[in-house]
Amino acid sequence: MVPVSAPSHLTARERARRAARGGASRSVPAPLLVPALIAVGFLVLPLVGLLIRAPWSHMGAALSGSDATQALILSLWTASASTAISLVIGVPLAWVLARSSFPGQRLLRALVTLPLVLPPVVGGVALLLAFGRTGFLGQYLDSWFGLTIPFTPLAVVMAETFVAMPFLIITVEGALRSADQGFEEAAATLGAKRMTVFRRVTLPLVAPSLGAGGVLCWARALGEFGATITFAGSFPGQTETMPIAVYYALETDPDAAIALSLVLLVVSIAVLISLRDHWLRGGSAA
Amino acid sequence: MRRFAVIAAGLAAVAVAGCSSSGSGSSPSGASSSPSAASTGTITVFAAASLMGTFTQLGTQFEAAHPGDTVKFSFGPSSGLSTQITSGAPADVFASAAPANMNTVVSAGDAANPQDFAKNTMEVATPPNNPGKVDSVTDLAKKSVKVALCQPQVPCGVVAAEVFKNASIKVKPVTLQPDVKSVLTQVETGNVDAGMVYVTDVMAAGAKVKGVSIPASDNASTLYPIATISDSKHKSIAQAFVAYVLSPAGQQVLTAAGFQKP
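Each protein sequence line maps, in turn, to chains A and B.
Here numbering that gives the first Met the number 0 is used: the first residue of the first sequence is 0, the next is one more, and so on.
Here numbering that gives the first Met the number 0 is used: the first residue of the second sequence is 0, the next is one more, and so on.
Looking at chain A on its own, in the form it has when it is part of the complex (with noise of 0.2 Å):
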């Protein structure tokens, strides 16, 4: 976990990286210089294919002959769903365990931060074994309640938390690492219950790492597709979200493809702007 500084003492090292970085730029070695170049070249150049091939004669008709503005709705609103479900549950988790200690929590740490690592599709298979219809749980869910969770939007908003949820548990649980406990010791002293300290001082401290993971959770979410895809399948409307739709669009209709590839763009750039302040300044992540 990144240590995050006290404020004036960023500023100072802020200052001091900035001081560094200009005097840098007249004399980078040849050896560093020119497997940069390559590094933005093979960063940048796609997303330059990506523009000159874009339609932007007939935008607006590639777009609408797709199933794009459905695809959109949908994935905003299940990136949404699962990015609040993500802060709801999510968060309580970091606190348990950044603050608490219990035998095997190291353990549940890995457990929990698995899927960050785990390839989309192998989570997408578990979920389909444990909620599909014939899973261990969802069987009975389907017998007792009638309920089938493949398929469904749903499905799509389970697939994204799980893949999502653990970037803003990580992103959170490092702040509340690094944190300050003073203040929370403080207001405790001055008789403020667990809840309220929790609610009125833990929180409002780590409220830059809640908003940069919930950003960093949403566009992870806005971007699944082989957990969505496996288990969640494929319908226009109901489970075929931008991802999804790029990727079979691909086979038909290309400029619809890349026009789909844009609007995420976008969106991406937005994602990364509201994210300025943390990232792009550089320095302390969490």
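Hints were generated in silico from the structure; no laboratory data involved.
A couple of the hints might just be wrong.
Facing chain B, according to a computed beta carbon distance under 10 Å, are these residues of chain A, among others [unchecked claim]:
#1 Leu127
#2 Ala129
#3 Ala231
#4 Pro253
#5 Asp254
All C-beta atoms in this analysis are idealised placements derived from N, C-alpha and C, irrespective of residue type, glycine included.
Using the hints provided, position chain B relative to the given structure of chain A.
This is chain B only, laid out in the frame that chain A set:
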């Protein structure tokens, strides 16, 4: 200086080894057969998902008949495979589950003179216990029956739509799957009550699904064309594989799996 020579020799040996292994495929036996003929190598066959079982078997038989040659497969939806080929994917042979997708490849100049090698018809597949009580294709129109279909651009989706048109029914699926094998998987895992797949898929799945046949008057079929890809680096092997699929031995494998003659 001497050290340099040793390193150079080592590098040369590695380079030679690398060249010979890439030239003759991964099988060690390829290196032992005469390299001057340049007839051995590895070809990649892009084939419709519904051909997974039969083509895997044909590949094994072809390799046995042509020592040193290796056949690799990429199975998927014909629509997706044709897009990959026209985008420059390294295929040597394309076997499509519908003429339309083959035509895409031909009109892009990536293949010529496709030949039809098989025909397939549709069947309804249900889980063995048939939870949706599907007894005929018209049952798929019921609201209570959860149906999986192929994407509308995939051949199995196109043919399924024809069947529904012939039977004058409207089916609202719960999911549109990327290819016919994934429709079958949804049926096998019991997540849907029924799926529209090919006769050959029901046969290949054995006891894992139950087939509900579609009356001939309502059923629809699709033709399977095959062609070599123009950019193939192993044209002769690719042509030999196509010839093998069309040969009596190849047709026997296809017929045994439930395919019809074109």
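Verification of the supplied hints:
1. Leu127: At about 7 Å, which falls below the 10 Å cut-off, the nearest Cβ of chain B leaves the hint on leucine 127 of chain A intact, so it holds.
2. Ala129: Status violated, d = 12 Å.
3. Ala231: Nearest chain B Cβ about 8 Å off; hint holds.
4. Pro253: Given a least distance of 8 Å, the restraint on proline 253 of chain A holds.
5. Asp254: violated (13 Å)
Going through the hint list in order, the structure does not satisfy hints 2 and 5.
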